[in-house]
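One letter stands for each residue in the lines below.
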Amino acid sequence: MVYLTRKAEFAASHYYHNPEFTPEQNRALFGKCNNPNGHGHNYTLEVTVKGSVDPKSGFVVDLKQLKEVMNREVLDAMDHRFLNKEVPEFLHQIPTTENIAIAIWQRLAPKLKAAQLHRVRVYETPDLFVDFYGEA
Amino acid sequence: MKAHLTRRYLFSASHRLHTDAMPEDWNRATYGKCNNPYGHGHNYQVEVTVSGAVDRGTGMVCNLIDLDGFVRAEILERFGHHNLNTLPEFQDVVPTTENLCIRIYEILQRGFHHAHLEKVRMEETMMNSFAYAGGKEFRD
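Heads up: the sequence lines are chains A and B, in that order.
Going by our numbering, the first sequence opens with residue 1, and the numbers climb by one from there.
Going by our numbering, the second sequence opens with residue 1, and the numbers climb by one from there.
Among these hints, one or two may not hold up.
As the list claims (entries may be wrong) - For lysine to aspartate or glutamate, the following EDC-like pairs were computed, each having C-alpha atoms within a straight-line distance of at most 16 Å:
hint	chain 1	residue 1	chain 2	residue 2
1	B	K136	B	E106
2	A	K7	A	E86
3	B	K2	A	E68
4	B	K136	B	D92
5	A	K67	A	E46
6	A	K113	A	D79
7	A	K32	B	D68
8	A	K7	A	E20
9	A	K32	B	E106
10	A	K113	A	E73
11	A	K50	B	E106
12	B	K2	A	D131
13	A	K111	A	D62
14	A	K7	A	D62
15	A	K113	A	D54
For the record, the hints were derived by calculation from the structure and aren't laboratory data.
Turn these sequences into a full structure, and let the hints steer you where they fit.
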């Protein structure tokens with residue numbers, strides 16, 4: 001089994017707000033992330049897949065195909081977007097780094113054929129990242 | 001859905017690697033320049049990884065306000081800009097980054113209950129790092 005990781009970057013804005021909470025609760029829970037006009041991050045995405053090395057190609061996965069799937073499923077949808085308003089998953093769910101990692105996993109997992117998705121890591125800043133391994 | 005969240009913190013501290021239990025030449029041979037009597041310093045990086053179910057209401061494993069507050073009060077203020085050898089926990093334990101990493105894990109394990117502690121990883125310099133998960137194996 002060999003693990004392969006591909007990195008990508010996207011820039012997006014978001015804010016944290018739950019309409020079921022009072023304005024005071026939202027401010028207390030989410031602090032300055034609750035500003036309704038949003039704020040942005042340069043996100044770094046690391047997608048790790050695992051599989052055995054194909055004896056003919058020497059690949060775990062064709063990196064070109066992995067890049068295309070990541071571009072189509074993730075970057076086209078999220079790069080330079082206001083996540084709360086433009087990405088369907090976040091119309092009714094807060095775009096925390098946790099939920100972004102889960103959404104990216106759910107977008108990628110059904111599209112990857114040769115290799116198995118192992119981990120989605122999303123950096124919101126260099127000092128904060130979330131790992132999702134597809135665990136229930 | 002269970003996710004892992006990692007937050008990185010920085011603090012600076014000095015230390016000297018030395019044990020009174022062993023003779024001077026053993027200390028010099030074992031610790032090299034880290035045994036210099038007046039100590040030396042590092043900019044330490046601490047990565048704290050916690051895990052748990054992502055809360056449906058908040059979208060979070062745990063609120064960073066809680067994690068940051070705990071780490072600031074219990075770890076950064078305790079170790080930041082101190083000589084580690086002068087602290088109570090390092091009177092009988094050599095303040096290697098291995099031992100510091102274990103100590104920080106124990107502080108979090110005992111006091112932070114907003115999410116499950118997975119591991120603590122520390123960089124003493126860009127060239128070396130240490131990780132501790134309470135003695136368990138872990139995913140890197």
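Okay, the hints, checked on the actual structure:
1. Distance hint between K136/B and E106/B is fulfilled; the C-alpha atoms sit about 14 Å from each other, no more than 16 Å.
2. Between the alpha carbons of K7/A and E86/A the distance comes to roughly 23 Å, so the proposed pair goes past 16 Å and is violated.
3. This hinted pair does not check out: K2/B and E68/A have alpha carbons roughly 27 Å apart, beyond 16 Å.
4. The straight-line distance between the Cα atoms of K136/B and D92/B is roughly 25 Å, outside the 16 Å bound, and the hint therefore fails.
5. Note on K67/A and E46/A: the hinted pairing holds, with a Cα-Cα distance of about 11 Å set against a maximum of 16 Å.
6. A hinted pair counts as satisfied when its Cα atoms are at most 16 Å apart, and K113/A with D79/A does not qualify at roughly 24 Å.
7. The hinted pair formed by K32/A and D68/B meets the criterion: a straight-line CA distance of about 15 Å does not exceed 16 Å.
8. For the given pair, K7/A sits about 36 Å from E20/A by alpha-carbon distance, which is inconsistent with the 16 Å threshold.
9. Annotation: proposed proximity of K32/A to E106/B is violated, straight-line Cα distance about 31 Å (limit 16 Å).
10. Our distance criterion of 16 Å between C-alpha atoms is met by K113/A and E73/A, whose separation comes to about 14 Å.
11. A threshold of 16 Å between alpha carbons decides the hint, and for K50/A with E106/B the separation of about 33 Å lies outside it, so the pair is violated.
12. For the hint pairing K2/B with D131/A, the CA-to-CA distance comes to about 9 Å; that is within 16 Å, so the pair holds.
13. Between K111/A and D62/A the CA atoms are separated by roughly 13 Å; this keeps the pair inside 16 Å, and the hint holds.
14. For the hint linking K7/A to D62/A, the alpha-carbon distance of about 14 Å falls within 16 Å, and the restraint holds.
15. Restraint check: the Cα-Cα separation between K113/A and D54/A comes to about 13 Å, which is no more than 16 Å; the hinted pair holds.
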